[in-house]
Each structure stands twice: as structure tokens, then as C-alpha cells.
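Novice: Protein chains in written order, with our numbering: chain R, 1 to 210; chain B, 211 to 423; chain D, 424 to 809.
Check before you lean on any hint, since a few could be wrong.
[Unchecked claim] List of simulated lysine to any residue pairs, SDA-like, C-alpha gap at most 25 Å:
id	chain 1	residue 1	chain 2	residue 2
1	R	Lys178	D	Pro502
2	R	Lys178	B	Pro399
3	R	Lys178	D	Lys478
4	D	Lys615	B	Ala393
5	B	Lys324	D	Phe494
6	B	Lys324	D	Pro502
7	D	Lys676	R	Asn24
8	D	Lys673	R	Arg54
9	D	Lys615	B	Pro322
10	R	Lys178	D	Arg736
11	D	Lys673	R	Gln109
12	D	Lys673	R	Pro51
13	R	Lys178	B	Pro322
14	D	Lys738	R	Trp66
15	R	Lys178	D	Gly734
16	R	Lys178	D	Glu493
17	D	Lys578	B	Arg299
18	D	Lys578	B	Lys324
19	R	Lys74	D	Asp760
20	R	Lys48	D	Asp783
21	R	Lys178	B	Arg299
22	D	Lys578	D	Asp760
23	D	Lys673	R	Lys93
24	D	Lys478	B	Asp355
25	R	Lys69	D	Asp783
26	B	Lys324	R	Asp179
27	R	Lys69	D	Pro763
28	D	Lys614	B	Arg262
29	D	Lys578	B	Cys346
30	D	Lys738	R	Asn24
31	R	Lys112	D	Ala691
32	B	Lys324	R	Arg199
33	R	Lys178	B	Ala393
34	R	Lys93	D	Ser762
35	R	Lys112	D	Ile679
36	R	Lys93	D	Gln642
In case anyone wonders, no lab produced these hints; they're calculated from the structure.
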Amino acid sequence: MNLETTKSSLEANIPGCRLEIVFNGSPSAQHSLLVDAEHGFAIAAYLKDAPDLRFDFCSNVTGVDWPSKEISAKVKVKKIVDGVESEVEEVQKTRTQGYLEVVYHLFSQELKYGPLPLRMRTEDRDRGVHLPSLTPIWRSAEFQEREVFDLFGVIFDGHPDLRRILMWNAFQDHPMRKDYVDPDDFEYEPTAHDQVLQRASQHRSEAGGR
Amino acid sequence: MDEKLKTELSKQGIFATSLQELYNWGRRSSLWPLNFGLACCAIEMIATTMARYDLARFGAEVFRPSPRQADLMIVAGTVTKKMAPQVVRLYNQMPEPKYVISMGACAISGGPFKQGYNVLKGIDRYIPVDVYIPGCPPRPEALIDAFIMLQKKIDAQQLTGEDRPRHLTAGQPSEFVVPRFGAHDLEPPQNPAVWHAPLVQITKAGTDESRND
Amino acid sequence: MSTVTNPTAQSQLEPAIDRGEEQLLEISMGPQHPSTHGVFRMNVVLDGEVVVRLKPVFGYLHRNHEKIAEFETYLGSMPYTDRLDYICSITNNWGYALAVEKLAGIQVPERAEYLRVITGELTRLQNHASLIGFLLQDMGSSGTPLMYAFREREKILDLFEELTGARMMCNYMRFGGCRVDMPAGWLGRAKKVVQEFPRFLDEYERLLVGNEILMERTQGIGVLSRELAINAGISGPMARASGVNYDIRKVDKYSIYDRFSFRVPLGAHGDVYDRYMMRFLEMRESLKILNEAMRAIPAGPIVDPKMRIRGFRPKPGEAYGRIESPKGELGFYLISDGSPNPYRYRVRPPSLINLTVLEDLCIGLNVADVVAILGSVDIVLGEVDR
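Only chain R is shown next, with the shape it has when bound in the complex (with noise of 0.2 Å):
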């Protein structure tokens, strides 16, 4: 299986699919395929159903958090510094987009090979949180996706029953993000260093510093 002919497969038969091949860099190869949420219910009907393809076993559902990153960046801008038009060296910060990412590892056991990662991102982390479903092409992305709702906060419509899977109904976080704090549970340690530390003296000092 190539995935440059997959892809390339993929973009005649379902018109106007954005795909991009994400380049691996470790040892491993595995380079992945990210789509478009909008085509990524029929990439994926089309990747299980093609003969040549037929991707029948979906093997691992994931969630991945990319909150935004701040890039400062030395960039040189002209200027006028007394009276003179020089160029001089400033540093521009920009703000990456953050989101989150589903990714779909595929196989195919009818014609052995895999893996291929599938990946979806959605728009932001906020209210742009939604991407198909493929619970309906692969019954094995059904708890897994639940999974993924409950601890990084994806919602995938068109799956048959999404609800918390891990935690309680009424938790409200997110827990697997990356901005996620959990509440101070006043952990005793003979040893507390770091946040451990930090918590116990806020602990402290509301006692009345005893």
C-alpha cells in the first residue's frame, strides 16, 4: 500500500477532499493521512469499500490535544529610526491555532497491510468541536469515540449513543487536556516537593499557619 496512491486514489474518486500526507519523523514510517472533517464520512466509506484498499479493521481510535503555542519570531521589518528609513530586527509573536485531533489507525485483513493513520482535526477547542462519526463504517470506533468525547470534549455527529464512558454524568472537565487542573485533593506526602509542596502550604496557611 503506498499512501501517495491511496491519496491520490481517494482525490479522483471523491471530488473536493482536502487530504495532506503528515510526514513521520521517527524511525517507525508511518506517515499519516489527515483529512477534511466535511468528506471524512465518505473517505472513510470509500477506504473500507474500494477493492483496492478495502481498510476493513480499525484498529485504534485516539484523541490528541494541540492547544495554540506562541511563535516569536526574529523578522525584519523596515522602519524609520531618526529620521532614517532602516530595516531593524523585531521580534512578532503570532499565535497558533489550537484543536483537536482524532486519529484512526486502520488495517486491512483481507489484504494485510497497515497500518494507515486517518487523522481529522476539528476547527478550535471552544464551540468548533465537531467531526463525523465513523461509528457507522466501523463498530469499533464506538466506545472509543465515547472515549474521546469524555476526556478531551470532541462531540461526533451521527454516533448512535455519545455519552460519558469513563467518568460520572455530571462531571463537567475534560480531563485529558492539556489545560486541565485537577481539584486539590490534599495529597499527603512525608517528601512533598513541587505542586504537592505548593498545595500543602496554601493548606497550611488557611489552618492559621499552626
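Add chains B and D to chain R, keeping to what the hints say.
Specialist: Using the frame of chain R, we list chains B and D on its own:
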């Protein structure tokens, strides 16, 4: 009663004892545990009841599936916040006198998973515990040791007087508050009647000494 | 931090449904239940004794292993993998080591591969024996088959304790090999255990396989079709009992499994009896692999000499590594960003995926069959909830 007189009588087939000894002997020799394993320690608990490390010879003859018929709860494994209300409910349903053995590091204080948003840092936050067994998982011999320690503790219980156990003292609760699921954590996060966080003294240098209040 | 609410979520517990004069009964089996293999709960809706709907509920053992792994270094997560499928800790270690070796391109020396195969197959033996014991106990045989199974399991655990220092949480694999080499005489003792194992299997089979009660209760119950098995991502003995010829040891040829000649047993019906017999047949194949491996193990280093664990920082990238654990396909997905801690660490749990079809298998059967079917799915809650 004189010990020598007791042994003489017992040689003749007459046993002299006090009500307290008899009561405690009956209680300690037939502790029936509740069939309650949570995680990895449960497998070691099952191994303890199997042929090699037979726990039944110490009185734990049957593991009862129903809490109404058990008098010992061996909390074996990590107690998560999702499971904590169920554990406390089961404890409340057991009839007095009831005992709790907290088996494994997770049940004592959260264990290796202490950094967890869903892990209860020790079951003794909600229910009173009699014996703690450290280990991850503790060997079957350690569980047998804890069992015998509990039996010795029961043997030393007084029927009357100040040191009466909880179930013979009027006004002592036998049921404890069941935590509810909140938006971010359990409510209440611990039961103040049963457990309070030990105060940690932090000196200026950053090192700390613990001082139990 | 904003939270996301799902407008289409249904309530988890619906009241008993009125169907005219009949009323359906909803019961909750678990989380404390003698037969549910741990803290597992099933909301079962019954019409008399027949199952109409079944929703599994888990999360009672969710110990946020994946979140802890983001704070730990790569090697620091190795003891936590022991606690995933706590009955087979060595194969969990192996899956994780394989994924990291794929991520960082580490080679494993020969002797270490043989050690891995030997300990991995011993783990498979004791897992399958215990599973059959648990399945029979759930069906009411009050512990006797379990006693026999645990007798053999104790022998294997003695071997593990001698080799790794712990009975259950072995923490044996390292990236690029194994942690410690065999002590003197261990191979001889292991060979003895493996030689005596077929006699135990014969005894077990004689007692159980032709047993009338077992056959009545398991044949034709909980039939899983081949197409549903592939589509639902079922793997391991459960899939092979439905005729899916997919054994990762043969497909991926990871480690040195292509040097051993063993067959992959397949089932014809996909019912509970087939899944149960599958374990017997797989134990016999494991014994073949063990005999060959223990004869051919070479001398040499047990860890890749080029591997430096201090300051281990794999290049940014990702890898998905999987092995055939006794329960099914155990996969680890790691994303590295060049730091000593993984950016994302994900466990693909076979027990959770195998539970996807639990409702399909149980609908239309009696409540008592639910217990037998759950036993044949072979779940361990440490893996389902992580």
C-alpha cells in the same frame, strides 16, 4: 480464674471461659469476607483463597457475595471516585460488627495512581479501616498476616468499659455518609468524622516536618 | 476552561418501560457482583428472563494511566503497564517496549527476543488456564476448576518470581531487551514446568470438555458472526473462534515468531463453546513454541548495547506498535515531541474493544447466559478502564 486450674479442668474435658473470650473467639474464628475485589490486589486475594495459601483454614471459609451476610470487607485494589459511593454503600449495608482491611497501596493512599483525577486517595477517607496492608500487590502471605493481625485485634476487644468497640457503644455511627458525584470532584471530598488531612509543617528552607494533630 | 455539552446525549438510566400490560425490568448487574471479573456494571433490561437491552457501564477503575504517562518519562511508565491487564503483566510490558522500539528505532538482541518469547508464552499459558477456571466458576462450579488452574498458575508465578523478583507485576521488559537474565537453573525448572503442563491440560480436558452441563450452557450461545467480528475490531481468541484468521504473531511477524512452527486454531461456530475451546487449543500451541524456544535460546547480551536510557529522548514523531496479547491485539500509540516525556500515550485495550459487541451477543438470551458470555469475552477491568 487461675490458669493452672483452667488447664487441669480442660484435661478433664471441662472448659472454663469468660463471655468475652467466647464472644471474641466466635467472632474472630469465622470472619466471612465480602466478595469484593477491585483491581490487581483482587487477584492476589483470590490466590490467597486457592489451594496453596488457603485462607479458609483461618476462618474465612466462604466469600459472601452479599454484604448483608459478610462481616469483613477486604478493599483490594484502587478505589476510584466513580466507585467510592458504591464502596461506602456496601460498607453501610454490612451488619455490625464489621471490619475493613485495606489491601494494597492503592486502597491505603491512592498508591502509584495518586496523581489521578479519578483516584480516591485512600478508602480511609470515608470509612474506618482496621488493618492496612502495604504492597503492590501484597503477597498472599501478607494478607494472611493481616488476617491474623485482625484476629488478634478482635481477641483484644473488651465487652464493657471505655475500650468497647464501636458496635457496642450507643451513639457511635455504623453507617457513614455516601459521597455524591459533583461537577469536578466528589462531594464531600472526604468525611471529616473519619479522616482529616495530617498537617504538614513547612519550614522556610523548603524542607518539611510532619506533625500529626 | 470551556466545557462542551452534547445536545444529543441520552440519559443513562431510563425508567422501566411500559409496554401496555407488560413491564420491562431494568437491573444493574455490578459493579459488585461475584461474576463480573472486576468492577464492571451492566444495565440489563429484561422481559421476564430474556434480555431486551444491555448497556455496559465502566469507568469504575479508570486510573488515568494515560495522563500519568504524560508526566512520567518513557521508562517510568513501564511499571504502570504491568497494571493494565494485571493477570498478564509481561505481555503488557512487551507491547509498550515494542512501541517505543518502533518509535526510536532500537534493535533487540537475539537472547532477549528468546527470553521475551518464553516469558510471553508462559504468560499466555497461565492466562488461558485462569480464564477457563473463572468461566467455569461463573457458571456455578464453585471454584474447583479454578483451584486446578491456579495450581498451575502458581508454578508459573514461581518461575516469574525467580526471574523478575515479583509474582505479578514483573516490570521485565526494557527498551531494547529485558531487564535481567535467567538465574542458574531457571531454564531447567522452566522446562520441567512445561513438560508437566500437557498432563494438566489432559486432566482439565477430561473433566470439562465433554461435560454435559457445560455443553448445554455454552453451545449455540452468544454466536458472533465473522463479519461483525472484523467490523467491530474484535481480536484475539474471541475473533479466531468466529473464524477470523488473524493472529498478529503471524501477520506482523514481530519479534522472532516466524522461527517457530505453530498453528492458529480457528473456530467454526463463534459461540461460547468455541471461544472456550480456543483457549485449550492455544495453550497446546504455546507449549510447542515454548519447547522450541527453550531448546534454541542462544547466549549473548540481553539489552541492546547501543541503548542509553539516561536522557532518552526519541526524535519527534509517532509510532503504533502492537502485539498479540492473550486477550487480543494490545497496541500502544506514542507521540513524541523530542522531550523525555511522551506527548501522547495511548493504550489500545483489547478488552474494551471486545466488549463492543456484548449487547449484540446477549439480546434474546436468558440472564444466566449473560454471565457465560461475559466470561468468554475475557475482560480485565484494568485494561478496559486504564
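Novice: Just to be careful, I want the Cα atoms of Lys178 (chain R) and Arg736 (chain D) compared with a cutoff of 25 Å; is the pair within it?
Specialist: Measuring from Cα to Cα gives roughly 20 Å; hence the hint holds.
Novice: Keeping to a limit of 25 Å between CA atoms, is the pair of Lys478 (chain D) and Asp355 (chain B) held or broken?
Specialist: At roughly 41 Å apart (the allowed maximum being 25 Å), Asp355 (chain B) and Lys478 (chain D) break the hint.
Novice: With the threshold set at 25 Å, check whether the alpha-carbon distance from Lys178 (chain R) to Gly734 (chain D) stays at or below it.
Specialist: holds, 23 Å
Novice: Is the straight-line distance between the alpha-carbon of Lys178 (chain R) and that of Pro502 (chain D) 25 Å or less?
Specialist: holds, 23 Å
Novice: For the pair supplied as a hint, Lys324 (chain B) and Pro502 (chain D), confirm whether the alpha-carbon distance does not exceed 25 Å.
Specialist: holds, 14 Å
Novice: What's the verdict on Lys69 (chain R) and Asp783 (chain D), does the C-alpha distance respect the 25 Å limit or exceed it?
Specialist: Violated, at roughly 45 Å.
Novice: Given the hinted pair Lys324 (chain B) and Phe494 (chain D), is their alpha-carbon gap at most 25 Å?
Specialist: OK: Lys324 (chain B) and Phe494 (chain D) at ~12 Å, within 25 Å.
Novice: Is the hinted pair Lys676 (chain D) and Asn24 (chain R) satisfied, with a Cα-Cα distance of at most 25 Å?
Specialist: holds, 23 Å
Novice: Does Pro399 (chain B) sit within 25 Å of Lys178 (chain R), going by the straight-line distance between their CA atoms?
Specialist: The hint holds at about 24 Å.
Novice: Check whether the Cα positions of Lys673 (chain D) and Lys93 (chain R) lie no farther apart than 25 Å.
Specialist: Status violated; Cα separation ~52 Å.
Novice: Run the distance test for Lys178 (chain R) versus Glu493 (chain D): straight-line Cα separation, threshold 25 Å.
Specialist: holds, 10 Å
Novice: For the pair supplied as a hint, Lys578 (chain D) and Lys324 (chain B), confirm whether the alpha-carbon distance does not exceed 25 Å.
Specialist: violated, 33 Å
Hints 3, 4, 9, 17, 18, 21, 22, 23, 24, 25 and 36 from the earlier list are contradicted by this structure; the remaining hints agree with it.
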